[in-house]
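Undergrad: Using the supplied hints, reconstruct the complex from the two chains, each of which is provided in its own coordinate frame.
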Amino acid sequence: MASISLHNVCLDYPLYGAYDFSLKRRLLGHLIREKGEMRIIRAVDNVTIEAEAGARIGLAGPNGSGKSTLLRLIAGVYPPSSGRVAIKGNVVPLLGLNAGVNLDFIAEDNIALLLRISGRKPTRTVIDEIWAFTELEERMQRLPLRMFSSGMLMRVLFATATAFPADILLLDEWLSVVDEHFAEKAERRLQNLVSQAAIVIIASHDQPLLRRTCTSIINLDHGRIASTVAVEPPSPLSFELREKRA
Amino acid sequence: MQHTSSPPRRPSVLHIFKIYYPDLFGGTLTVIRDICASLKDTFASAVLTCSQSADRREIIVNDVPVERVLSFGNVMSLPAAPAYPWRLWKKIAEHDLLALHAPFPLADLVFALGFGRNRPLVVHWHADIVTHAGLRWFIEPLMRRTLRRAKAIIVSDRVLVDETPLLREFEDKCHVVPFGIDTSVYDWPKIEPHHVNDRGRLVLGCGRLVPYKGYDVLIRAAVNRKFEVWIIGEGAERPRLEQLISELGLGDRVRLLGSVSDCERIKLMCVADVFVMPSITNAETFGLSQLEAMAAGRPVVNTALDTAVPRVARHGMEAITVPPGDAEKLGEAIDALISDPERRRRMGLSARTRAVSRYSATAFREGMESVYRAAVTAPSNEAAPVAEAPQPTGWLDSLRIAAALAWSDMRHRYVRSLIGPFWMSLQMAIVVAVLGSVIGQMSNADMMSRLPMLALSMTAWTFLNSVVLDATTALQNSASLIRDRALQPVIFLLQCTFRQGLFALHNACVPLLLWLLLTPHDLSGALAALPGLSLFVICTFGLSLVLGALATRYRDLKPIIESTLMLAFLASPVIWSADMINHRSTVMRLNPLTHLFAVWREPLAGGHVDATSIVYVLVAVALLLCASVLTLVHLRKAAFWI
Chain A
1 MASISLHNVC LDYPLYGAYD FSLKRRLLGH LIREKGEMRI IRAVDNVTIE
51 AEAGARIGLA GPNGSGKSTL LRLIAGVYPP SSGRVAIKGN VVPLLGLNAG
101 VNLDFIAEDN IALLLRISGR KPTRTVIDEI WAFTELEERM QRLPLRMFSS
151 GMLMRVLFAT ATAFPADILL LDEWLSVVDE HFAEKAERRL QNLVSQAAIV
201 IIASHDQPLL RRTCTSIINL DHGRIASTVA VEPPSPLSFE LREKRA
Chain B
1 MQHTSSPPRR PSVLHIFKIY YPDLFGGTLT VIRDICASLK DTFASAVLTC
51 SQSADRREII VNDVPVERVL SFGNVMSLPA APAYPWRLWK KIAEHDLLAL
101 HAPFPLADLV FALGFGRNRP LVVHWHADIV THAGLRWFIE PLMRRTLRRA
151 KAIIVSDRVL VDETPLLREF EDKCHVVPFG IDTSVYDWPK IEPHHVNDRG
201 RLVLGCGRLV PYKGYDVLIR AAVNRKFEVW IIGEGAERPR LEQLISELGL
251 GDRVRLLGSV SDCERIKLMC VADVFVMPSI TNAETFGLSQ LEAMAAGRPV
301 VNTALDTAVP RVARHGMEAI TVPPGDAEKL GEAIDALISD PERRRRMGLS
351 ARTRAVSRYS ATAFREGMES VYRAAVTAPS NEAAPVAEAP QPTGWLDSLR
401 IAAALAWSDM RHRYVRSLIG PFWMSLQMAI VVAVLGSVIG QMSNADMMSR
451 LPMLALSMTA WTFLNSVVLD ATTALQNSAS LIRDRALQPV IFLLQCTFRQ
501 GLFALHNACV PLLLWLLLTP HDLSGALAAL PGLSLFVICT FGLSLVLGAL
551 ATRYRDLKPI IESTLMLAFL ASPVIWSADM INHRSTVMRL NPLTHLFAVW
601 REPLAGGHVD ATSIVYVLVA VALLLCASVL TLVHLRKAAF WI
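Order-wise, the sequence lines are chains A and B. In terms of the numbering used here, the first sequence is residues 1 to 246. In terms of the numbering used here, the second sequence is residues 1 to 642.
Worth flagging that the hints you see were computed from the coordinates, not collected in a lab. Just to be clear, a hint being listed does not mean it is correct.
Said to hold, decoys possible - When the alpha-carbon atoms are kept at most 25 Å apart in a straight line, the in silico DSS-like pairs for lysine-lysine are as follows:
#, chain 1, residue 1, chain 2, residue 2
1, B, K637, B, K558
2, A, K88, A, K121
3, B, K267, B, K226
4, B, K329, B, K226
5, B, K558, A, K24
6, B, K90, A, K24
7, B, K173, B, K226
8, A, K88, B, K637
Excised from the complex, chain B in its bound form (with noise of 0.2 Å):
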């Protein structure tokens, strides 16, 4: 017989996480080294991490590839890798599930954009985020857009979802699947006598030395003690850590050991006498370390977090708990196991027996792949193609309805009357005329030859100004459009630009007017004047864009984006010119409409522009477009609004 018949292609999965091996140990990482592990038979699995190590990019660990994308260090626990967004997009299309390992707020950022939409994705809730709590008002718009397009979210323990406000939302998406592990290494059989630590007082602790675990407690615990300490792992606490230890002269009782292969840390759980985690935050969730423990049949101390810590070891049964930062309460527990010999062994075995009865790798590997394999072959829950019906046609199609729009509206001017949008024209060339005088009264600089110049800016400035106030009431104007016609949303604050785009013209013939009667000609400056001027619109509907936008939204910002512009009026160099002062104040430097003018109105007169006015705008429009995106993305629920 020949077995031709290769197996059936595995479905992939990309784990998505901030940290893997070999760069740190970890609960976490054991679990998502664990999925990929036993779910090898029907799952493909892959990894996109971020690492310092700027080596090599693309590793093997365990049979699973691993890519690492470079990072430059911690911020706020969080890697600075700048790339990763970018990798993570390119990387979603090749694989048939996400399986994403909260929290971990830069892959948030990505899925919050919409990428990855046409993707399957599973959120491992490892921790909620409890040590940068000050960030929560903005990370957690992004985790909870991330949860509303997750097929399904796992949880450890029950007690999280209750917990936790952010999960209760989503509560019927959430599956429980205990975490696992391989009660068979710590069998009984391969403690050999002489392992045993016959002095009956070696206390153990594991977890990397970070500062919600909370090592400094358990070390001031030891303090007047007769037991020793050892702590296995690694991590930025370690100098903190160890000064406390010579601190309190320890040095001969607590002993950090730093990291460990798993096979040594199976021999240390199996020879020690009570195990501790004595985290102090929520963000330690379940304690693998204590499953560990247990399934290597030692009593353990724990504390009181409102997570499933406590209820995987349970206070008199499996562990003792102890209030979460009480060193004093956690060196009166540890004494008291010391010191009970029997109480040890009794409670050792209660802890072997639950580790292997509730909470063995089979289960874990079952629950795992049943959700998988769900949120694979689930149908795509996500709400995209309706946005992309349209989309073909799209955006060709609402310029020119737009354009339309604003065409119909300025010839309507016409029809009221003979002359009009010159009508505007007009108003402003008596504007000109008497800010002229007065001006010219104020400095003694020759006015006459500014006019062309003050005329032109405030063209532009009406512009700006009529653009951004009528996309504050845009959409509610054309509410019937939108909601009978179906129309979208951007056609109208284009509009906005389009039809004040046609009047400016209407107004810029006083400006071309007094230019060609009182300068004279030289049009070498109006090209090179061209890109700030195009700079110049772009921002200009940027910024009517998202203010029309979140003016429909918020109605009570358009009384201020009114003042605000007046503000922004006085304050700008429209009527006045940067030399007419005698040196340039900060707020006139800081003011980005200063640059925004300053980028074509200094080319126009023969001058150059200064390159903090060009990195200026551009890094403006650079922010107006990220905005404008985002605005889009929200344009969607306009409807809603109106």
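Next comes chain A alone, as it looks inside the complex (with noise of 0.2 Å):
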């Protein structure tokens, strides 16, 4: 059963400065006791989160409040500076698009690449599902990424980054990206993994998008939980009441 347990989690994120990746200068430093100040950020403060299986999490919050490192921290990129960090199922974090993309590869051997570094095993079948989603023309296939358009490329990759289910699925402004075109479609697609996966967090700035999908939408601001709003499910009900009243 998949969850998510953070117990107060903080994350100091070191800032290196052009300074701090020099070995030299460090020993240098040493010898002439110079003190080496090491700046810190609290990116992550003090956060407690619990979610079973079934919860759809919005985070939410200005640039630079933490969304991303928070994320990237339930999906073990950073260790936390502290707090307590527990995870049970299958994470599958996409949080930038084009990670892991050779665009000199032909499009077939990086939809296969991606897929092996997501631990699937990319047989013929797949791959053509995989292109078929993208609506693009068959012999394309066999071309390098280098020679598609932007728009193309965001299709193959969001086709091969969800085209098999996950436990926790871990999305960074995903949505917005997706060329207008294809958006609906493949929010169709984002739904239906959304309803897959036991447990999704999706960071955006997406206001309604997050009151589509999620079940509880945080805010985040300087790395702290500024508050926790538990959406309600859309009802007709509520609507009928709301335009009584208007």
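TA: What follows is the structure, encoded as structure tokens:
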């Protein structure tokens, strides 16, 4: 059973300046007793989240409020500085869209490699299914991705990334980057994926999207949880009431 | 009424320190013993310590089980007990709470490696490292790691937190629990008149005979004065102090009493006229014995250290405080008290009051108990499980993904050109041909028969060289996969080895062809070379792992690694062989690469490997293994570096 449990988690993000990457400088600093002061920002500050299967959590907040960092922390990219993180289930982080793409490879190879990275076996049928979803021409499979327009590239990547369901799905600003023509289909696919996943966490600025997809919305501010809002499932009754009042 | 319900199980505490009774007596040990004794109703205590006496490993001291790990003597004030970390690791699981009595770097090492993460840890900060301050650069990061994972840090006085930079970093975890002693054993009526020393000139010191206690200062202070000095305690300094006493001709007035029993010590405390604590470094953090003397109502002379010493017995109230290490001032202060019985009585009385009111055993017990209890009940505050989450799928998956990436890298070479990596093989064939002819000119040996070995050495060197060079940039090149797909950084270091391994197999066709064409075919050596060859590959991977991580963290390392590899190429017998130069040079013998090549080249050539080479390579593998483990721990933070 999938579950996410963060307990008083903090993450101090070290800010490495140009000098902090220099070993010579650091050793020299030791010799001349220079106080090597490491700049740190607390990107995630005392966050506690409990999520059981079925949870759909939206992360909202201004730029730099720690949404992406929190997602990466859950994905295991960053180790927490303190606090307890316990994650059960297979995490599929879809954070940056074009992660792991080699533009020189042909589309087919890229799809196969991306599938392998996420632990799937790229069979012919799987790749054909993915290609069908992109609605691109068959022969383009054999072209290097460098030849693709950015919209076409997005389609391929989106189709690949969402081809398989996941226990825990982490999405960072996803729907907004998909191009317009493709958007409706993509959102349906995503909704479908979200409905299959046990836990979904979406970071987005798009409040209506979060309200449509999530059961609760966590507002972040400077790495802290500013507020948690439970979203009422939209029921026809409430619409009627609103109309009457108006 | 029948009493059937057994008492609830007491949480167990493991006290970790370098020495314990009955090997030695001293302030820190008294504290540990008192904690064990006073908390016996609420916590089951056990002690893990080191001992030089080999007789019995498990003993019982005052109802407390003590396990003693064999130590082979002291190195830099630390017991040389190689089995201690292992025993500690085994014992950790059996206890609910760990109480580390710092400083004890041997235990820090265990905690720094991440063992015992799931058990709450309380650090008793007894003293900073003062005596071997030169080791600080090495020890301090270890201690910081320990303190970082500690639930609570217990100090005996606030001033320790203020004066120790390391503790200030963890200020919010520090709890001040002043030591307390059972003052009732020092009660007045127990002192009978005949115990009282009527000459009024007995000066007492009490503590282990170790340099920081400053007894040499006390002995020098006795020169040309009237008072007598008795020193309780045993230790390594004894011969030196005895020599000093006889040199100064103080044999009739200064006595080293050695270890004495508790009851005897209390009696001595009560008959002394002045108690002296002449310690000279901040290793003396509290001075438990001066508190005992205060409980016995004795005036104290102590030293102005940056620790709790001058705050437990305060200058002008319970004590006279003199500069540490100043024999003249110390002597004057003692004389001032000896010559003024009224002042002695007044100071003794206020000392007694302070000991009873401020440093009582009850307050100490309650303070300890609340800290321990909070530590046991607090939820584990450690950041472990994230690393463990991908673990079940962990290694195998990492290997598979790395292999897939390497395979796709190689396939891509074929996409770009028809013969793919064979371009490199072609290039190498040319290099071998040219080098072969040049070397053939230089030495008059038969070059043709050497060519296959030269080609093979070049192949191996190219492999090592490119794996290490690739590794220095691998993590940065895969930044998006690490940060956005949450792939483990180690995958991309593995990828370098796999990819270059595939390329090396391509290159290997050059030596293979030469071998088929030029030399009699004898396969027996090839099998014997396999273990050596796998050691070579393991070393290469270990090297790339460590250097790859380091070069990512410290960007200026890459050019250094590049030039070092160039130098290593020239200094190692890759294109020349050991027998081509007249005698084996020192540089060559010390160069680990010489041996790393020898372990597979010698068997392949039909010779047998030198034992030194095998030892050399195995040591290198072991070192690389340790470094790799450390690197893997740190690689968790790699996402911050890229």
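Undergrad: Now, for every hint given, state plainly whether the structure supports it.
TA: Each hint, compared with the structure:
| no. | hint | in the structure |
| --- | --- | --- |
| 1 | B/K637 to B/K558 | holds, 19 Å |
| 2 | A/K88 to A/K121 | holds, 23 Å |
| 3 | B/K267 to B/K226 | holds, 23 Å |
| 4 | B/K329 to B/K226 | holds, 15 Å |
| 5 | B/K558 to A/K24 | holds, 12 Å |
| 6 | B/K90 to A/K24 | violated, 40 Å |
| 7 | B/K173 to B/K226 | violated, 49 Å |
| 8 | A/K88 to B/K637 | holds, 22 Å |
In summary, the structure is inconsistent with hints 6, 7 from the numbered list given earlier, while agreeing with the others.
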